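Each chain, letter by letter, is given below.
Number of protein chains: 2
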Amino acid sequence: MRVIVFGADGYLGWPTSLHLSARGHDVIAADNLIRRRWDVLCGTESLVPIASMKRRVERWKALTGREIKWEKLDLTSLADTTALITQYQPEAIVHFAEQRSAPYSMISAQHAVETQVNNVVGTLNLLFALRESAPDCHLVKLGTMGEYGTPNIDIEEGFIDIEHNGRKDRLPYPKQPGSFYHLSKVHDSHNIMFTCRVWGIRATDLNQGVVYGTGIPETDMHGELRTRFDYDDIWGTVLNRFCAQAAVGHPLTVYGKGGQTRGYLNLKDTLQCVELAMNNPVGRGKLRILNQFTELFTVNELAERVRDAARSLDLKVRIQHIANPRKELEEHYYNAKNSGLIELGLKPNLMSEQVISDMLKRVAQYKDAIDTGKILPRVAWNVG
Amino acid sequence: MRVIVFGADGYLGWPTSLHLSARGHDVIAADNLIRRRWDVLCGTESLVPIASMKRRVERWKALTGREIKWEKLDLTSLADTTALITQYQPEAIVHFAEQRSAPYSMISAQHAVETQVNNVVGTLNLLFALRESAPDCHLVKLGTMGEYGTPNIDIEEGFIDIEHNGRKDRLPYPKQPGSFYHLSKVHDSHNIMFTCRVWGIRATDLNQGVVYGTGIPETDMHGELRTRFDYDDIWGTVLNRFCAQAAVGHPLTVYGKGGQTRGYLNLKDTLQCVELAMNNPVGRGKLRILNQFTELFTVNELAERVRDAARSLDLKVRIQHIANPRKELEEHYYNAKNSGLIELGLKPNLMSEQVISDMLKRVAQYKDAIDTGKILPRVAWNVG
Numbered sequence: 001m002r003v004i005v006f007g008a009d010g011y012l013g014w015p016t017s018l019h020l021s022a023r024g025h026d027v028i029a030a031d032n033l034i035r036r037r038w039d040v041l042c043g044t045e046s047l048v049p050i051a052s053m054k055r056r057v058e059r060w061k062a063l064t065g066r067e068i069k070w071e072k073l074d075l076t077s078l079a080d081t082t083a084l085i086t087q088y089q090p091e092a093i094v095h096f097a098e099q100r101s102a103p104y105s106m107i108s109a110q111h112a113v114e115t116q117v118n119n120v121v122g123t124l125n126l127l128f129a130l131r132e133s134a135p136d137c138h139l140v141k142l143g144t145m146g147e148y149g150t151p152n153i154d155i156e157e158g159f160i161d162i163e164h165n166g167r168k169d170r171l172p173y174p175k176q177p178g179s180f181y182h183l184s185k186v187h188d189s190h191n192i193m194f195t196c197r198v199w200g201i202r203a204t205d206l207n208q209g210v211v212y213g214t215g216i217p218e219t220d221m222h223g224e225l226r227t228r229f230d231y232d233d234i235w236g237t238v239l240n241r242f243c244a245q246a247a248v249g250h251p252l253t254v255y256g257k258g259g260q261t262r263g264y265l266n267l268k269d270t271l272q273c274v275e276l277a278m279n280n281p282v283g284r285g286k287l288r289i290l291n292q293f294t295e296l297f298t299v300n301e302l303a304e305r306v307r308d309a310a311r312s313l314d315l316k317v318r319i320q321h322i323a324n325p326r327k328e329l330e331e332h333y334y335n336a337k338n339s340g341l342i343e344l345g346l347k348p349n350l351m352s353e354q355v356i357s358d359m360l361k362r363v364a365q366y367k368d369a370i371d372t373g374k375i376l377p378r379v380a381w382n383v384g
Numbered sequence: 001m002r003v004i005v006f007g008a009d010g011y012l013g014w015p016t017s018l019h020l021s022a023r024g025h026d027v028i029a030a031d032n033l034i035r036r037r038w039d040v041l042c043g044t045e046s047l048v049p050i051a052s053m054k055r056r057v058e059r060w061k062a063l064t065g066r067e068i069k070w071e072k073l074d075l076t077s078l079a080d081t082t083a084l085i086t087q088y089q090p091e092a093i094v095h096f097a098e099q100r101s102a103p104y105s106m107i108s109a110q111h112a113v114e115t116q117v118n119n120v121v122g123t124l125n126l127l128f129a130l131r132e133s134a135p136d137c138h139l140v141k142l143g144t145m146g147e148y149g150t151p152n153i154d155i156e157e158g159f160i161d162i163e164h165n166g167r168k169d170r171l172p173y174p175k176q177p178g179s180f181y182h183l184s185k186v187h188d189s190h191n192i193m194f195t196c197r198v199w200g201i202r203a204t205d206l207n208q209g210v211v212y213g214t215g216i217p218e219t220d221m222h223g224e225l226r227t228r229f230d231y232d233d234i235w236g237t238v239l240n241r242f243c244a245q246a247a248v249g250h251p252l253t254v255y256g257k258g259g260q261t262r263g264y265l266n267l268k269d270t271l272q273c274v275e276l277a278m279n280n281p282v283g284r285g286k287l288r289i290l291n292q293f294t295e296l297f298t299v300n301e302l303a304e305r306v307r308d309a310a311r312s313l314d315l316k317v318r319i320q321h322i323a324n325p326r327k328e329l330e331e332h333y334y335n336a337k338n339s340g341l342i343e344l345g346l347k348p349n350l351m352s353e354q355v356i357s358d359m360l361k362r363v364a365q366y367k368d369a370i371d372t373g374k375i376l377p378r379v380a381w382n383v384g
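Protein chains in written order, with my numbering: chain A, 1 to 384; chain B, 1 to 384.
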């Protein structure tokens, strides 16, 4: 299939590009490289060194003979976006190209505005470009489980049947996002739903949980094919961050009580899910919403798993509860459905002790590069 | 009360400023005047001639001795917004300052992006400025009944009690907006809800129906105090548009079957509602959502009412169904609650034949200025 991966320079976008290319898809990898600039601005850095996009696609071609077309492109330019889609006439689009850090979006008014404008405008431009130039193309958009918040009822996949005052309807599941970033994804979801209904856009919105992992077989083929790994307070997601903390003997920092439950999945499963969505497109005018995670954990459970895996590697690890910089429930009901992707054929790679051990070993290779001054949270949800 | 009215140059913002000033409030009227520029760009024009903001506030002072402070301000500037709020330390803010036309937002990608960026960024800046400089100020924000769409169950006021798989929660009412403009209001609503929860912002979100009317006693005091009146396809709301059509003998153009049901209210009641919300603020961290309309009508019922009122003025009026430029249900269940504002003390001015007759007479005074080339819809929700 001819597919454009937007956000192809990111933690997930790059392995997705490799995974799809390895499986015979024609991949166009597009990115504006802004994440590398945000690293400079935030004083953060991928723990695993990453090559330039140019070097990456050259190395991939040299090793496999497969070509990934690299295109520097900013989705906030409607003209450039439309031109790219017109040129390549993709059958599918995978859209990762968003500012994806909750703490980043909470730094200041400027960061909140930048996040929402970047994400909402990029997605709007993509929708208009699809309508204009590739109306039959299937959009696979990365959303987040964080759109739902933590309601006291089961979380369905995007829609819920509501009976109210003796009448029934199937309605969009209520959204209670927890940061300006998560809000931007809710805005996107509403915009996409509207264009499916009104223009006949076909889309799959993947409400993804928290991803962990250091790579996939394709990224492990060569140092220049590796994907980024973030452990800092701004970009590091919790399991990756815990592994970095364990590697340098830093306590595993649990925010608040640690009863926060979320959906998690292995990086390998992100790629499976994206490909399953792509290979099973929905019809014109349809919006399919899938919850993309394989397991639910509390933060405490994750910390305990990392501690236990670290022990078996003779790493001494302590768990420390620190003040929660976020505003969120720390003990709550959480039961989210995820049967849609399983039904499409997802075979989960679960979070075994082996998986965590392998992550710890990989991270340990780079432990001298870990800046422990970038681990504790510097951005608070509420000030003053 | 010291109140800043944002969007004070608009159809509703100006009468609101007068109404509040007449009742003893200290009013700061802020606007970036963009609506007058949009008129130039769209080739549209208020049927009722309107004076500049400077002339308006001077005339008001000359007639009543009351001062309205006029401030040219663009909410998309965080620095200007924060400075204004720091300077005046308002107890309440009334926020009308948004691009408010569904057809305008559907003209092109640029118009969709402009609408969402203008509305979302303006509101975000206002929220950050409140947090920074006036955390105790009560935000009265104009939303729209269009945020809900037309669900097959009763529409509650912002929240709905859901029982699902044996568990219960009170959740944000699901949103199904019908244009990029309506979507922008949904985005705002989610952003506001988040800041109430996380920062302790206090806010009332008024989900307003379609407003009709040519003025209020204060705008009728002098030609320079009048508010705008839009009858064209971009800015004209349905009852106002029908009155203009009746005045020039143009058929009343009903989009599609005309079974579309919406909430309506008299301009006078908008002002009552805003003042009631202002005078009954919610506590810190609370978000109150009120549905602001007084009556439900189908488009067919409105057309018949205008036809009947026109007949009694010896105007011959025909109703014509034309292809619906929008994508919406034309026959549907619609039962929206509006008890919140009634409980606060709203005394509705209902849509009597007298009210419509008075509108028709007022509009007839300007009928030579009606451009019948601007009545039929030029913007379609779906193209090609």
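If you're looking for bench data, these hints aren't it; they were derived computationally from the structure. No experiment lies behind these values; they were computed from the predicted model shown. Incorrect hints may have been included.
Treat identical chains as interchangeable: a pair holds within one or across any two.
Below are the DSSO-like pairs computed for lysine-lysine, each with C-alpha atoms no more than 30 Å apart in a straight line [unchecked claim]: (1) LYS367 x LYS337; (2) LYS54 x LYS286; (3) LYS257 x LYS286; (4) LYS168 x LYS337; (5) LYS361 x LYS168.
Here's how the hints hold up against the structure:
For a Cα distance limit of 30 Å, the shortest separation of LYS367 from LYS337 qualifies neither inside one copy, at 37 Å, nor across copies, at 59 Å. With identical chains, the CA atoms of LYS54 and LYS286 are never at most 30 Å apart, being 36 Å at best within one copy and 51 Å at best between copies. For the homomeric pair LYS257 and LYS286, the shortest alpha-carbon distance between copies (25 Å) is at most 30 Å, but the shortest distance inside one copy (41 Å) is not. Within a single copy, LYS168 and LYS337 get their C-alpha atoms as close as 21 Å, and across copies as close as 17 Å, so both meet the 30 Å cut-off.
For the identical chains of this complex, LYS361 and LYS168 are neighbours neither inside a copy (53 Å) nor across copies (44 Å), given an alpha-carbon limit of 30 Å.
Of the numbered hints listed earlier, those contradicted by the structure are 1, 2 and 5.
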